[in-house]
Amino acid sequence: MTTTFERLCAILVKDHKLPLERLSLYAPLDSLGIDSLGTVELLWTVEDVFHLKLPSTPVELATLGDVVRYIDELVAGQGAALTPTLPAAPSLRTT
Amino acid sequence: MRRVAVSGIGVVSPLGNSVAEVLARARAGRSGVRRLDTPFASRLVAPIAATAQLDEAPSIDAGKARMLDRFSQFALFASQQAVHSSSGALAGIDPARAGVFVGTGMGGTHTMDAGYQTLYGEDSDRIKPFTILMGMHNAAAAWIGIEHGLRGPNMTYSTACSSSAVAIGEAWLRVAYGQLELALAGGSEAPLSPGSLKAWEALHTVATMDTDEPSASCRPFSMNRSGMVLGEGAAMLVLEPWDRALARGAPILGEILGYGQSNDASHITRPSVDGQAAAIRAALLSAGIDAVQVEAINAHGTGTQANDRTEAAAIRAVFGARAAHIPISATKAIHGHLLGAAGALECVLSLLAMQAELALPTMHLQQPDPDCDLDSVANRAREGVAAQVTVSNSFAFGGTNAVLVLRRASA
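Residue numbers (the numbering used here), protein chains in the order written: chain R, 1 to 95; chain D, 1001 to 1411.
Treat the hints with caution; some may be incorrect.
Derived lysine to aspartate or glutamate pairs resembling EDC-like cross-links, with alpha carbons at most 20 Å apart [said to hold, decoys possible]: (1) K17/R / D1055/D; (2) K53/R / D1125/D; (3) K1064/D / D15/R; (4) K1128/D / E41/R; (5) K14/R / D1061/D; (6) K1128/D / E47/R; (7) K53/R / E1122/D; (8) K1128/D / D15/R; (9) K53/R / D72/R; (10) K17/R / E1056/D; (11) K1128/D / D35/R; (12) K1064/D / E41/R; (13) K1198/D / D1037/D; (14) K14/R / D48/R; (15) K53/R / D1123/D; (16) K17/R / E1147/D; (17) K1064/D / D35/R; (18) K1128/D / D48/R; (19) K14/R / E1056/D; (20) K17/R / D1061/D; (21) K14/R / D1055/D; (22) K1064/D / D30/R.
Just a sample of chain D residues kept apart from chain R, beta carbon distances all over 12 Å, derived [stated by the list, open to error]: (23) M1001; (24) A1028; (25) A1096; (26) Y1177; (27) E1201; (28) D1243; (29) I1268; (30) A1321; (31) P1368; (32) R1382.
Since the hints were made in silico from the structure, they are not lab data.
Every residue gets a Cβ at the ideal spot worked out from N, C-alpha and C, and that includes glycine.
Throw the hints in and build the complete structure from the sequences for me.
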C-alpha cells in the first residue's frame, strides 16, 4: 500500500521539482523552498490527489511530517477515497 | 540629457530566439506565421498565428517556471539573454538605480483563460492558487526584477499595441535624465490562448488565411491585405548611459535617440493621421533631429486596411515628398503582431538592420496599394543601406501612439 508520505513525495518531485533524496518526514518545508505560497499550492494539489476538502482554517505546517499527519487526520475524518490519483500535470505551457 | 546606449538585446520570437536567428530570418523574409495545429484550431476561422518556439527555457529553474505564465517566461528568458549579451552591464550597478520597464497588452492571458475554462468550461471551483500571480500584467516585470536583483522602478505599461515602445521610451527618459543608471526595457506577449484568439477573431481585424501559403497571410501595404496575424514573443533591451557603456567596453548595439507619444483622442480603434503624425513629430523633436535626417522607418504596418492607409498618410504628412524615398519595412508580415511586445521586437529589428546596413523587406507585398505609395522594400531585403537614423512606429487601439527614434551604434 502506498503511504501518505510516498504520495506526498510524488507530488513534490513532479510539481515542485524536488529531488527525492531531500525528502524526509523531518525536512522543514522552508528548507525545501516551500514557503507559505508554496504550501498553498501544495495543499491545493493534495486536495486533488487525496480526494479531500481542506478546511479554510489556517494550519501550521512546519515539516513534511506535519503535512503527512494533517492529511492523515483529514482522510480519517472525511473518509476520503484511498485510491491514489496522479498529481495534476502543470499546465503552464499550452501553445 | 545623457546619451543612452543599447548594450544588450534578448529576444524570443516567431523568427527565432536569438539576435542572430532573428536577423537572418528577417533578412531572408522567412515568415514565422504558420497554420496552428492546436486542438482548438478547428474552432478558428483563420487558424494561423506566428508562434515562438519556446516551451521550456533551459535557463529558467523548473521550480520557478511553474509560476510563470507563458508571457512571463518569454520576458524572463529575453531579459537573461539581454543581460548576458551586455558583457556585464549589471556589475557594480547600484540596484536602486536600475529599473525594469515592460510593455504587455494582455498579460497572463493563458493563465486567465485556463482559469475561466476551469470555472465555466468544467463547472469547477478549483482555480489554481497561482492564477492571480501568473495572470497579473506586472508579473513579467516583477520576475525580471527578482531575477536580476533590480530594486529601482519596476514598471508595466499596457497601452495595447504600443505598450513596449512606451516601455522603452519611458525607460529611455529615466536613463537620459539621470534618474537611472540602467534599465531593462522591452515587452512580452503570449496571446495565443483559445479565448484570446477567439476574441481577436470577433473583432474582425485578423487576416483571412492564405490557403495556398498560410505563412504569407499577413500582407502589409498590399492591396489584397486582409488584416493582422497574431504573434507571440518578447524582446528586452539593456539601456545605460552611453559613457558608462563606453567606459566598460560594452558592445554598443545602437542608441535610443528619442521618443514621442500622442493620443488620437478620437476613436477607440480607428487610427488617426493627425495622431500618428503628431507622435512621429514629437519623437523627432525629442531626438533633436530634423525629419530629413531619418533614413529608414519600421512601420507599425499591421496589414489592416485602416492602419496601413492611415500610417502611409501620416508618414507623408511628416516627411513630405521624401516619404516616397525612405525605405519603410513592415516586418509584421513575417513575425506577426506581437501586440504589447511588437514595438520592442521592431525596435530590435531596426537596430539590427542598421548595424547590418540593410533595409528589411516588407514581405507578401503582392499588389502595391496606391494609397500606400511608399518605398516599402517589397519582398526582398535591400543590402547596402547605411541608415544612421531609423524611426520605429507603434500605434494602438485606444489611440496611444508611440514612436522611437534610433541611431546606429557607430554614429
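Right, here's what the structure says about each hint:
1. K17/R / D1055/D: 17 Å, holds
2. K53/R / D1125/D: Status holds; Cα separation ~12 Å.
3. K1064/D / D15/R: Judged against 20 Å, a Cα distance of about 11 Å means the pair holds.
4. K1128/D / E41/R: 8 Å, holds
5. K14/R / D1061/D: 14 Å, holds
6. K1128/D / E47/R: Holds, at roughly 12 Å.
7. K53/R / E1122/D: Between K53/R and E1122/D the Cα gap is close to 18 Å, so the pair holds against 20 Å.
8. K1128/D / D15/R: Measuring from Cα to Cα gives roughly 13 Å; hence the hint holds.
9. K53/R / D72/R: 13 Å, holds
10. K17/R / E1056/D: 14 Å, holds
11. K1128/D / D35/R: Given pair K1128/D, D35/R holds - Cα atoms ~17 Å apart, limit 20 Å.
12. K1064/D / E41/R: 13 Å, holds
13. K1198/D / D1037/D: 15 Å, holds
14. K14/R / D48/R: 14 Å, holds
15. K53/R / D1123/D: OK: K53/R and D1123/D at ~17 Å, within 20 Å.
16. K17/R / E1147/D: 19 Å, holds
17. K1064/D / D35/R: 13 Å, holds
18. K1128/D / D48/R: 11 Å, holds
19. K14/R / E1056/D: 15 Å, holds
20. K17/R / D1061/D: Holds, at about 9 Å.
21. K14/R / D1055/D: 17 Å, holds
22. K1064/D / D30/R: Answer holds: K1064/D to D30/R is near 16 Å, not above 20 Å.
23. M1001: For M1001/D, whose nearest Cβ neighbour in chain R is about 42 Å away, the distance exceeds 12 Å, so it holds.
24. A1028: 24 Å, holds
25. A1096: Fine: 25 Å to the nearest Cβ keeps A1096/D off the interface.
26. Y1177: 37 Å, holds
27. E1201: About 18 Å separates E1201/D from the closest Cβ of chain R, which puts it past 12 Å; holds.
28. D1243: Holds, because the least Cβ-Cβ distance between D1243/D and chain R comes to about 41 Å, which exceeds 12 Å.
29. I1268: 29 Å, holds
30. A1321: The claim holds: A1321/D sits with its nearest Cβ about 47 Å from chain R, beyond 12 Å.
31. P1368: It holds; P1368/D is separated from chain R by about 35 Å at its closest Cβ, greater than 12 Å.
32. R1382: 34 Å, holds
Going down the numbered hints, you'll see the structure goes against none, and every one checks out.
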